[in-house]
Amino acid sequence: MFQLVGYIVLFPMIGFILNGLLGKKLRSEALIGGIGSGAVGVSFVVCLLIFVEMLGSAPEERLHIISFSQWVTAGSLSVNVAYQVDQLSVLMTLIVTGVGFLIHVYSIGYLHGDPGFWRFFAYLNLFIFMMLNLVLADNFLLMFLGWEGVGLCSYLLIGFWHDRKFETGGYAPGTATTSDAARKAFIVNRIGDFGFLIGMFLIFNTFGSLTFEDVFSRASATISSGDTIIFWITLLLFVGATGKSAQIPLYVWLPDAMAGPTPVSALIHAATMVTAGVYMVARCSVLYALAPITMDIVATIGIATALFAATMGIVQNDIKKILAYSTISQLGYMFLGLGVGAFASGVFHLMTHAFFKALLFLGAGAVIHAMEGEQDIQKMGGLRTYLPKTYKTFLVAALAIAGIPPLSGFFSKDEILWMAYSQGSFVFWILGWIGAGLTAFYIFRLVILTFEGAARWPHQKHPHEAVRTMTVPLIILAVLSVGGGFAGVPEILLGSNAVDRWLEPVYEKANAAMALATEGEAGEFFLMGLSVLIGGAGIYFAWLLYLRRPELSTKLSSVFGRLQKVVLNKYYVDEIYDLIVVRPCVKGSERLLWKFFDAGIIDGAVNGVATLMAYFSNAFRRIQVGVVQGYALAFLLGVVVVLGIMLFR
Amino acid sequence: MEPPLLTYILCTPLAGAILILLAPMGNVRFIKTCGLVSSITAFAISVRLCVELDGASPAMQFVEQVRWIEGLNISYHLGIDGISILPIVLTSFLTPLTLLYSWNSIEKRIKGYVAMMLFLEVGMLGVFCAIDTFLFYFFWEAMLIPMYFIIGIWGGQNRIYAAVKFFLYTMFGSLLMLVAIIWLGYYASTLAGGHFTTDLLELFTIAPSIPLSIQSWLFLAFALSFAIKVPLFPFHTWLPDAHVEAPTAGSVILAGVLLKMGTYGFLRFCIPLFPQATLQFLPYLGVLGVIGIVYGALVSMVQPDMKKLVAYSSVSHLGFVVLGIFALTEEAVQGSIIQMVNHGLSTGALFLLVGMVYDRRHTRLISDFGGLSKRMPVYATFLMIVSLSSIGLPGLNGFIGEFLILLGAFKSRFFATPAYAIFAATGVVLAAVYLLWMYQRVMFGPLDKPENQVLKDLSMREIAVLTPIVIWILWIGVYPSSFLEKTAGSTKRLVETMERNHALQFESLPPGTISSDNASGAVSFSRSAE
Amino acid sequence: MVPLPFYLVLSAILFTIGVAGVLTRRNAIIVFLSLELMLNSANLTLVAFSAFLGDATGQVLVFFVIAVAAAEAAVGLAIIIALFRNKQTVNVDEINIMKW
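Residue numbers (our numbering), protein chains in the order written: chain A, 1 to 649; chain B, 1001 to 1530; chain C, 2001 to 2100.
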């Protein structure tokens, strides 16, 4: 059964080739959408089969490495196209193909009528192919192929409607298009990839191989904790993760990635691509466990990003941008979990987040669809009666992300907060706790302004519920958002903590390397209660400020006017980057490097030599007077001189 | 008795060229067909050579030797190994494609044009096959002349300046190389029982024993010529002018093949002949390579002319190749050989694509375009694939080369620090910057200029020219082993020889008393205290 | 027998007159005349040595020189005629187009 892993990766590629080459000729949207969704669906089914087989076998026998062919062999480097099927990768694959399948189906309805329909599905399948390579690879190089490949697909899909105007950070208002946003995403990602590359080189230099098995076993056998090389390796790999998973300082591309169609935002920028960094750190848990300083850095950046993004989420007015900042924030939580050593918790939150964030985005898509393209929540309101299914599923997702039990978000986020307290420090916990409150606040602000209250949109619009291909995925995701958490119910609540147990063998070596502390049970209950409390408080304040007493929110805006402006402008980070990095680079290259140095100095030297030669030639040619007898005289004199020398030697 | 394939591969385009020169000027169909047929035949021969070449063996294969100038021991000596086979295949692959491309775009003096392209092909193939230094020099100079004519007659506005600059600049370097060649032969004759020789295999055994002070000068003489050809910063300024003014096919061949001759020269001559000098100058050449990468990328970013942008990107890419060569680890050297092919493919394809747009609009300024993807979707797809290949996206060819080079440079013991690789890796980011920006300004954006609104997409002929390149791009990206294994044996020997010399330097033996045995292949050499 | 030095001195004088003529005369035909004088002086030297050394090689060389002088005179005069047809002058000072 494990041999079938090749098919998981193969079918999306087939889908890409079919839709890519023939898509334009196939007029039927159903066929194109069917090929696209079907490919991912088959992958999901195959993965499910493998999962079931894994459940049936003993934990030690769950790791399989299936190798397909040689890829790059040069010198001492030998990398194969090989896939590692273990608990972690199967879990990730299920998420990718499962949620991916639902989003493919959703896109059939969302993209209905778009002339680039076939292109969209081709790119989506290519993305799934790349993402699967990323999570199933058994070595860093193949993972990097998937890593960059998803970056490419992100670029293609963000810029899908390539000439629409889109306010992109770092550009003058009104000038940027979706293509600019796509390019920004690719380049910022590439900066992270630069770190990843250097990390890979260090790994190869230190361990002599790029295969996970080799590297991890050699690391746990030979490296001692706190070693400098491991510090650098893990740090550089994490730089790559900050790029791909939108953490400080490379998060700036994600809000602008909302330029793409909403299914793209749901799939790539919520459920899968951005989680690649989390997956990577989780996969390299052995290495990270040996680098405590890096772990602290990971956790710190995680929680800082979580809070930072949450503050920006509470003032945004574009429905997708709120969700984008929410994603950045939740990714911060995942890194917090990873950074304190709770690798399984981070992955658990990744899973639940995939469910409810995808749901939130798809729901937002349904709203945007219904509102004929309007994305500003200030111009919405009261949609509850018009879009009942959307509203209900959206509410479920909002409750999940706010961390209200017994939905999935509660279990996963709470586990992270508990781990932050017990393995990390009180500071981590309190900051995470505050962030949880902000999360609940901003998400319910979104819910209320969009669905509740009075309608703030013109009468001409007739919002209607979306087609079934769009609402059915919403419902399925809602069910998962509710039930998904039960996979990770902690023991103190009489659960089986299935996710943790499932992933345990993967993290065995890492856990052995870290010194894990344990706290009492009472502490956990108490903190759990506090989490629910702050979640509820967030919801309450959102209700208060936006439904019950909206005049309070206007008053707060005027009081904190300037602060709000700064936060609304994303703390001017994009502008700062533009000023410090982009502009000097471009202007400097143009004026200093090209015009002054290259054309002026280097080429000037070359042309200068030529001019010098010409000058000398000009001087010399005046000897040629044209009178033959002068030449004859010179000739004679020369002969005399030579004869004289010969005679008088 | 195996057929002299190398002579065949040299004679086929030569015969074609002569046939064309004898043909009447008016019979254009015949001329073009003849050119295409002879270059495709050469390609077929090169494919056979590639398939039959034994990648694991470091020795010269398909060797042919005929006495030429008796008194000076100069012979017509040809041979290939893992280092030269890939450039040979690349040359014979690109020539028919460029001839096919120029089917309709060259209007005047077609006879001369096709003949020049074929002569150029002979020259280039000869450079890669020759293992006699004099014969090498002969071909090296021989291919300058057709290139000069191609740029000078069928080029753009400023073609005379560009052609003269190209010719003089390159020749200046090569003359110093000639002096070095003669000196080498002379040195061989001063040895006990020796004679004046230009045979490379013999020189491999003799040259490393030249004392370091003189070896440095010889190395510099050769290196200057190659550095100008590569082009290595700061000897690169002939390249943008030559590329911009040359006709499209000329640019493709120039970028695709001629530039590789410089890097090939480093691998074939500078390093094996002068190992100690190589070790001495290695850091500087590595630094120049890295500077080339970053500088080329930054300057490329701000070019308003598409062709110049691609030209500077060549400087950047070849910086990678030079870095890889002088890292002198197996991964890096193999990576640089593959990258030589990769650059030929992706930059060649880029020039073809720019040329296709130029044929339609007679302008290359980025500002004259915008929104082209709406009218030319097939073109947009090809341009995207080729740009991504140039950027080094995994799955395509560029990544394989760049990754191997950077990895090899990082772990190289010849470079004192991994900083070389780290700075070079920033080129990875910069390449994405300049190419994607160019792509966006040309293909996306509003289709506001009326001339752009009536553009036609690619014709079947143009697609036929681009498709083989894209196929090869994908092949190298997905399954590079088929090519990497061809280079394995020769690279291994090169690296091992250099490592031996490196080890020697740190013991108190006077350098050069023990020579490298490149010719024989047997490592009969005792390492003390290694 | 006239002693050798006399022949040589005569030859030298004739040569010098010829050189002076080549360098200073304006008329191209006179220049050629002087050139012939120079060649003949060389002939004289050769014959003189040949007679004094008893070796016929010198006289054989004279034949060569006479033949070459004749050919060169023919070609040179042809050039002057072509030049005259174009520039209407045989004044050497005026024929100076090939200059800077």
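Derived by calculation from the structure, the hints in this document are not laboratory data.
There may be inaccurate statements among the hints.
As the list claims (entries may be wrong) - Computed list of chain A residues with no C-beta within reach of chain B, every gap over 10 Å:
{"#": "1", "residue": "W71"}
{"#": "2", "residue": "D114"}
{"#": "3", "residue": "F144"}
{"#": "4", "residue": "L145"}
{"#": "5", "residue": "E167"}
{"#": "6", "residue": "F186"}
{"#": "7", "residue": "I191"}
{"#": "8", "residue": "F231"}
{"#": "9", "residue": "L395"}
{"#": "10", "residue": "H464"}
{"#": "11", "residue": "Y540"}
{"#": "12", "residue": "F541"}
{"#": "13", "residue": "W543"}
{"#": "14", "residue": "G630"}
{"#": "15", "residue": "A632"}
{"#": "16", "residue": "I645"}
What the hints assert, rightly or not - Distance condition first, Cα-Cα at most 25 Å in a straight line; then the derived DSS-like pairs of lysine-lysine:
{"#": "17", "chain 1": "A", "residue 1": "K165", "chain 2": "A", "residue 2": "K555"}
{"#": "18", "chain 1": "A", "residue 1": "K24", "chain 2": "B", "residue 2": "K1456"}
{"#": "19", "chain 1": "A", "residue 1": "K587", "chain 2": "B", "residue 2": "K1308"}
Glycine included, every Cβ here is placed at the ideal spot set by N, Cα and C.
Note to self: Need the list of violated hint numbers for this structure, in ascending order.
What the structure shows: Numbers 1, 3, 4, 6, 7, 17, in rising order.
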